[in-house]
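J.: Chain B is already provided as a structure; the job is to place chain Y on it using the hints.
Same order as they appear, the protein sequences are chains B and Y.
Its first residue numbered 1089, the first sequence is counted upward by one per residue in this note's numbering.
Its first residue numbered 1089, the second sequence is counted upward by one per residue in this note's numbering.
In short, the hints are calculated from the structure, not lab data.
Hints should not be assumed to be uniformly reliable.
Identical copies carry no separate label here, and so any pair may be met within one copy or between two of them.
[What the hints assert, rightly or not] Cross-link-like lysine-lysine pairs, in silico, BS3-like; alpha carbons within 30 Å at most:
hint, residue 1, residue 2
1, 1284, 1135
2, 1311, 1135
3, 1358, 1404
4, 1188, 1328
5, 1259, 1404
6, 1116, 1410
7, 1231, 1142
8, 1451, 1358
9, 1251, 1284
10, 1188, 1449
11, 1251, 1231
12, 1231, 1135
13, 1258, 1291
There are 2 protein chains.
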Amino acid sequence: MITEIITIGTEIILGDIQNDNARYIAEKLTELGYDIHYISTVGDNRKRMYSLLKTAMNRADIVLVTGGLGPTDDDLTREVISEVTGRKLVFHPDISILLKNYFQHRNIQFTENNLKQAYLPEGAVILENELGTAPAFILETEKCTFIAMPGVPREMREIFDNKVKAYLMKKNTAIIRSRVLNFFSIGESILETKIKDILERQKNPTFALLAGTGEVKIRITAKGTSEEEVSALINEAERKIRERAGEYIYGYSDEGLAAVVGRLLSEKKKTIALAESCTGGLVGHRITAVPGSSDYLAGGIVAYSNQVKIDLLQVKEETLLKHGAVSKETAREMAENVRRIMNTDLGLSVTGIAGPGGGTKEKPVGTVYIALSSNSGTDVHKLSLTGNREWNKWMSSQYALYFVFKHLKN
Amino acid sequence: MITEIITIGTEIILGDIQNDNARYIAEKLTELGYDIHYISTVGDNRKRMYSLLKTAMNRADIVLVTGGLGPTDDDLTREVISEVTGRKLVFHPDISILLKNYFQHRNIQFTENNLKQAYLPEGAVILENELGTAPAFILETEKCTFIAMPGVPREMREIFDNKVKAYLMKKNTAIIRSRVLNFFSIGESILETKIKDILERQKNPTFALLAGTGEVKIRITAKGTSEEEVSALINEAERKIRERAGEYIYGYSDEGLAAVVGRLLSEKKKTIALAESCTGGLVGHRITAVPGSSDYLAGGIVAYSNQVKIDLLQVKEETLLKHGAVSKETAREMAENVRRIMNTDLGLSVTGIAGPGGGTKEKPVGTVYIALSSNSGTDVHKLSLTGNREWNKWMSSQYALYFVFKHLKN
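The following block holds chain B by itself, in its conformation from the complex:
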């Protein structure tokens, strides 16, 4: 089935905001096995909206539209869908009551304008909006099916995840499911080489190699006549891939390294302390982004200056003089000392040169040492990164989390 995504909104067309709605919907459609032929953005302009929706209606089976469902004069999605399909707008008293309640409950004044949100094209199936006022809808016509969702990302996602996805899963005559494996510490081309024959031989499932931010993912997509059949195909494909490159797999889908590490620390009832230099607090920020992290993270020391390394992390002055702040010796002391100071099972340190300045011939920008101290000893790793400051900080945090992951797995 051919789909098309249309994101309506002046703030997108002016480049004021990122169009995450398009990406989110496209990603989910791809996982469900739908083909997407075009993704378009247009402003709150009736003439251009009409042109776009009419073209889409004539070339796609399902057209997913976001935006333009609000109560203002600029919100034209209902009107334009009504116009291109010939389905006149019909008043829904039950929606108008829901709307009035929504506003009363929040002590916001209900105006006449808001009533227009209760007019929907004839035949539309309403999808309730739990997080906002604009009801979404699905309108099936002879030419195509329109799915209209709000433009506010969290409202759109709630409706897509909880209502639209089920509809799309039913509508696709075949059962198509995907699973995404997250890899770290292996480059895209090397991974491709390791599983080349698996990629080439298979027609079902199919595989897509996706480059993330310093990581690689493989999306396995299988098609079948039942959920069991499809799951079995995906499981077998995953098993084969794990045989070749399983050591590099750390998780699935949207679960990043920090969440995976957090889960393992929790399960194993281990605690961790951090000693960060060039990452500046990024590792701590990522770990604390996961709810429940207070169960395993005691805290961290961001030792940006050498004096703080000496005073708070008790790094020996002679170590700094002899080997420098960016060295395996300093990384080792930072990790072992923070572990002792905060009395945790693990101590993790990162010290390096993020750039653009600070590099030398012996230690160019991108030189980073990461150390992990535990009761079985201290491992030190050296990185030679080649990105800009932001990239080097990010990749340092990625590798740091990855080394903790590997340690906990073994």
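T.: Just chain Y now, kept in the frame of chain B:
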């Protein structure tokens, strides 16, 4: 002049990556005063690329295209632009020499495939790609002008910023320029109310209110016949806005709070130390994202557990028992103590409940205390945030940086 943006790439249409190229180009076009009517994405599919580019050619004056300029069989932009315009592909020996040198220099093997990058539509003006192999080009035809740029974001941005922008500035018969003012700590509707008459009265410049991530921006766009005339109009508009809401302006355009704070700390030769709890290292990460931050940041303590607050930040046990970790008393001690411990001019602390768990009736999720200690005393601020964990962490870091900004300004 009417423009259209077409981003070509299978990884965008499948939702594998964010389409930042579209947003970037749209933002820059808007600042230069160009109207954008449609933004579209299509995969590396010749038929659909042809359909899209042909439609665009017939309805826009300038069509900016990204992607499809690589050396593989999937790279079809040159071929399709040649087809829709009727301008045959012409071999450029000088480009093929540049390409060969590029590969030799990096010890990568040059293959026949790469030669296709030296074929460009007749009449194309070449824009050199300093960061990659694919040359970009501008092709002026009777119907419209095509500007073809690489899909790799940093290559596209370099070419756009250093070559395309100048072309667009010349091509627009009027001089149109924009300036963006960044506001913090004032809501969009309140700001709109304060400058309502300025917004309504003006035809030139025009104003756009943009909502950022927990901040508000105003884009002032002015049109004129000379750079001086346009600058004068923008300066006057900024002056009027500053009269009404100047206390909330912290900077311009893309310069975030961390960069502004860093600049002020540098200028005033002040140093700072951080004591973070709920932000977990985010403030340190943001400050260290700015090159040169080692000039003013000594370091930080991420005191996630109460024990670390006691042991490393020397917060009094009785303070924690009596008032709790999330209190103005604890925030004060954290800021004053880290300042003393790291011997800096300023000490900044953040302690709060990011959520989703941890809230109580007296201290619900979103309760955050921020303290700033200096030689003139300690100021403590209380926030009542209402977002999710990620939002509450972000906004806490925003307010923390903002309070440092205000302190340094006065």
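J.: Given identical chains, is residue 1259 near residue 1404, meaning Cα to Cα at most 30 Å, within a copy, between copies, both, or neither?
T.: neither (66 Å within a copy, 62 Å between copies)
J.: Reference check for the pair residue 1311 and residue 1135, CA-CA at most 30 Å: within, between, both, or neither?
T.: between (40 Å within a copy, 26 Å between copies)
J.: Under a CA distance limit of 30 Å, which applies to residue 1231 and residue 1142: within one copy, between copies, both, or neither?
T.: Cα proximity of residue 1231 and residue 1142: in one copy and across copies (10 Å, 24 Å).
J.: Using 30 Å as the alpha carbon limit, work out where residue 1251 and residue 1231 are close: within a copy, between copies, both or neither.
T.: Only inside one copy: residue 1251 and residue 1231 sit 22 Å apart there, 45 Å across copies, limit 30 Å.
J.: How would you classify residue 1284 and residue 1135 at a CA-CA limit of 30 Å: within, between, both, or neither?
T.: between (49 Å within a copy, 29 Å between copies)
J.: At most 30 Å between alpha carbons: which applies to residue 1116 and residue 1410, within, between, both or neither?
T.: neither (54 Å within a copy, 49 Å between copies)
J.: For residue 1251 and residue 1284, with the copy left unspecified, which applies at a CA distance of at most 30 Å: within, between, both, or neither?
T.: This pair counts as neither: shortest intra-copy Cα distance 38 Å, inter-copy 40 Å.
J.: How do residue 1231 and residue 1135 come out at 30 Å by Cα distance, when the copy is not named: within, between, both, or neither?
T.: Classified as both; 20 Å inside a copy, 22 Å across copies.
J.: Can you give me the call for residue 1358 and residue 1404, within, between, both or neither, at a CA distance of at most 30 Å?
T.: both (28 Å within a copy, 27 Å between copies)
J.: One pair to classify: residue 1188 and residue 1328, alpha carbons no more than 30 Å apart. Within, between, both, or neither?
T.: neither (56 Å within a copy, 40 Å between copies)
J.: Within a copy, between copies, both or neither: which one fits residue 1258 and residue 1291 at a CA-CA cutoff of 30 Å?
T.: within (23 Å within a copy, 52 Å between copies)
J.: Checking residue 1188 and residue 1449: alpha-carbon separation at most 30 Å within a copy, between copies, both or neither?
T.: Close across copies (29 Å), not inside one copy (69 Å); limit 30 Å.
Of the numbered hints stated above, those contradicted by the structure are hints 4, 5, 6, 9, listed in ascending order.
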